[in-house]
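Undergrad: For reference, the chains in residue letters:
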Amino acid sequence: MSDQADFQMTGSPNLYRMMMGFFASYGFLPVILVLLYLGFGLMEPVFLTGANALNIIEQASYLIVLATAQMFVLLTRGFDLSLGVVVSVVSVASAMVMVAIAPEGEGPVVLALTAGIFTAFAIGVTAGGINGLCVAYFGINPFVVTLGMQGIAFGLATTISGGFPVFGIPEAMINSFGQGGSWFGFLSPPVAICILILMLSHFVLNYTVFGRSLYLLGSNPRAAEVGGIPWRRYNMMSYVLCSTIAAVGAILMTARTGTGEPSTGGGLVLLSIAAAVAGGVSLRGGEGRVIHVVFGGLLVSVLSVGMNLARIDSFLQQVVLGFVVVGAVFLDRLRLRIRL
Amino acid sequence: MESLLNPTTNAERGHRILMRRLMVLGLLPLLMIVLCIVLGFVEPKFLRSANLINVLRNASFLMLIASGQMMVLIIGGFDLSVGAVVALTSVTTALSMNGLSAVFPDSLFLVISGGVLAGLAAGAAVGLLNGFVVAWMKVSPFMVTLGTLSIASGLALYLTQGVPVYGMPDLFTRDFGRMRILSLPVVIYLTAALLIMLWWIMNHTKFGKYVYAIGSNEHAARVSGVKVTFYIVATYVSCSMVASLTGILLTARVGSGEAGLGSTLMMESIAAAVIGGVSLRGGVGRVEMVALGALFLALVTNAMNLLRVDSKLQTVVIGVVIILAVGIETYQSRRAKR
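Listed in order, the protein sequences are those of chains A and B.
The opening residue of the first sequence carries number 299 in this note's numbering; numbering runs sequentially from there.
The opening residue of the second sequence carries number 1149 in this note's numbering; numbering runs sequentially from there.
The shape of chain A in the complex, shown without the other chains (with noise of 0.2 Å):
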């Protein structure tokens, strides 16, 4: 409040006003985004090909996928730290699903695709039931939930694989949703349920009361309450929502590498989480949107193809993440700061 007013004795209101409310509903995202780009295109000037682009691009949209389904838990106050390895299982179990009816692709590929699809939707919604059920029904912490949902699914995607990745997935799998496959002669596969999970989230979110509600429950759960809103169903569904999202995502993971993975699972969390509120997606819930979701994957697969292309060592890239997060979590403080 006092920024504003001596900013405005300065003088060019208009100028700090217009840059003010940008950086209060967009964050300082999309400018550090475009800094770092041109940063790594002055390094290594491959950086700045269209290819590059359409890379990073790729790169982004299956962390987006699962940013996505993280911020829906988000935006209610809560977490899910079991994301990454529901991933886990459910892409080793639709693997192991279509192995089993269509070994290397030989026999009815298209049941064992459908089959494999069913199946992950299957655990998706199980998982995420359980997780919203024990928060929103029985009261308990999400942050002890999902933890406790972590080992379970770890556990259970490391017994059923036998710890191995799962091999032979019919190559129909690969090429309808892998990198290598088109969309409407275009768009490959991962980018297209990208934008397709982006547009029905931004329609749920602002257009539905499930939506809606959802933002009330994460900026005010007592008024939520007040209010007459069934939250403890909508509560567990976006429990429901975020594993679903997920299974999704698992999906097209599976495509991309052709193996099921029993061991993906565990560093997606973090990044899902640094994604969206390094993009913008409040951990104090009720503020969040698919824009900014976006903007989050796209910085960190800005900084990791980056890093790649600058050749720095992967655990180093480990270490620069860190940073990244307390310093988008910093950001996001001072946000707050500025719109008070």
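Careful, some of the hints might be misleading.
What the hints assert, rightly or not - Under 8 Å between C-beta atoms, here's a sample of chain B residues computed to sit facing chain A:
1. Phe1280
2. Val1281
3. Lys1286
4. Val1287
5. Leu1294
6. Thr1296
7. Ser1298
8. Gly1302
9. Val1457
10. Lys1460
11. Val1464
12. Ile1471
13. Gly1475
14. Thr1478
15. Arg1482
Unchecked claim - Label-pair distances were calculated between CB atoms; the ranges are:
16. Ala1272/B <-> Ser612/A: 23 to 33 Å
17. Arg520/A <-> Ala1368/B: 40 to 50 Å
18. Val1251/B <-> Met341/A: 34 to 44 Å
19. Phe1189/B <-> Glu469/A: 33 to 43 Å
20. Arg520/A <-> Met1327/B: 49 to 59 Å
21. Ala1250/B <-> Leu340/A: 36 to 46 Å
22. Ala1272/B <-> Met341/A: 31 to 41 Å
23. Arg531/A <-> Ala1368/B: 30 to 40 Å
Stated by the list, open to error - Now the stretches of chain A that chain B is said to cover, found in silico as 3 or more residues with beta-carbon under 8 Å:
24. 430-442
25. 453-461
26. 623-629
No lab work stands behind these hints, which were simulated from the structure alone.
Computed from a prediction, not measured in an experiment: that's the story for all the values here.
Heads up, the beta-carbon is just placed ideally off N, CA and C, and yes, glycines get one too.
Assemble chain B onto chain A, guided by the hints.
TA: Here is chain B on its own, set in the frame of chain A:
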């Protein structure tokens, strides 16, 4: 405030408090005794002294780290980075011992104490970072420690490139790491001493009182003139230092510096703390109960090993135990409110 709105007689309140104490204190030891008796019947190996000592030793590591975690939880925070601190400490200790012994091959004492100090310094640095960002910048402790988790484990992996570091002095790995006094591993004595110290700090010093006060109502503590920022930073540093100490003890035990050490400790330490009745909302928790919680987890793990439960399935069981433990606590506190 509540007592004003809801007048109850002293006797009634005393009765209720006694019942809660019994519920909290009674359930866990009872469960453990039953578990021990059943195990003794099913698998006689369990009662052998070698196995019991093994359980105690494994529990000691967990007790240490969980009691550090407890302090942070009581002050209303979280520390997800404890496991990564263990790894970073292990790597730093091993690397600096190797470096020092190349320079001063003759003075073992200098080499070992230098390595231990370097490890503790690494832990303190992470704790300082956690504390400063949480207390001064008012960033959610969950995100901060998630970030430092990534930073610390990334550093540990980068320094070693994922390969264990061997070649520490025998005095440290063999003589100290496997030292026994009266046939008990030295770790158990150290843990006992540290737990007693922590108990004293939490119950009989200003520091402890303030930590509880800040955890139950930070604003009230601030208004009453408590230097909240200082105590939060100090708590995070203590937690990381305890984790660091655990890392050094674990390194001595395994005999090498490993970047993968302690990866499960973060989850287990929070589990032990909440099983021991520490509230995630802050302000509540006792060292002795956390130690019991850790012992309980160690017992369950040992039982599963003896009964040949697949190690991968064990994480499933631990996950269920965590949710159940906190579920029961939530249920109790809800009933207490009514």
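Undergrad: Each hint should be assessed against the structure and marked as holding or not.
TA: Results for each hint:
1. Phe1280: At about 11 Å, which exceeds the 8 Å cut-off, the nearest Cβ of chain A leaves the hint on Phe1280/B violated.
2. Val1281: holds, 6 Å
3. Lys1286: Holds, because the Cβ-Cβ distance from Lys1286/B to chain A comes to roughly 6 Å (cut-off 8 Å).
4. Val1287: Holds, about 5 Å.
5. Leu1294: holds, 6 Å
6. Thr1296: holds, 6 Å
7. Ser1298: holds, 3 Å
8. Gly1302: holds, 3 Å
9. Val1457: Violated, because the Cβ-Cβ distance from Val1457/B to chain A comes to roughly 10 Å (cut-off 8 Å).
10. Lys1460: Lys1460/B check passes; min Cβ-Cβ to chain A is 4 Å, inside 8 Å.
11. Val1464: Hint holds; Val1464/B Cβ to chain A Cβ min 3 Å, cut 8 Å.
12. Ile1471: holds, 4 Å
13. Gly1475: For Gly1475/B, the interface hint holds, since the closest Cβ of chain A sits about 5 Å away, which is under 8 Å.
14. Thr1478: holds, 5 Å
15. Arg1482: holds, 7 Å
16. Ala1272/B <-> Ser612/A: 23 to 33 Å: holds, 27 Å
17. Arg520/A <-> Ala1368/B: 40 to 50 Å: Since the Cβ atoms of Arg520/A and Ala1368/B sit about 21 Å apart, the hinted range of 40 to 50 Å is violated.
18. Val1251/B <-> Met341/A: 34 to 44 Å: Roughly 37 Å apart at Cβ, these two residues keep to the hinted range, so it holds.
19. Phe1189/B <-> Glu469/A: 33 to 43 Å: violated, 55 Å
20. Arg520/A <-> Met1327/B: 49 to 59 Å: The hinted range 49 to 59 Å holds for Arg520/A and Met1327/B, with Cβ atoms some 57 Å apart.
21. Ala1250/B <-> Leu340/A: 36 to 46 Å: holds, 41 Å
22. Ala1272/B <-> Met341/A: 31 to 41 Å: Holds, at about 35 Å.
23. Arg531/A <-> Ala1368/B: 30 to 40 Å: holds, 36 Å
24. 430-442: Check passed, 7 qualifying residues.
25. 453-461: Contact hint for the stretch 453-461 of chain A vs chain B: holds, 5 residues under 8 Å.
26. 623-629: holds (count 4)
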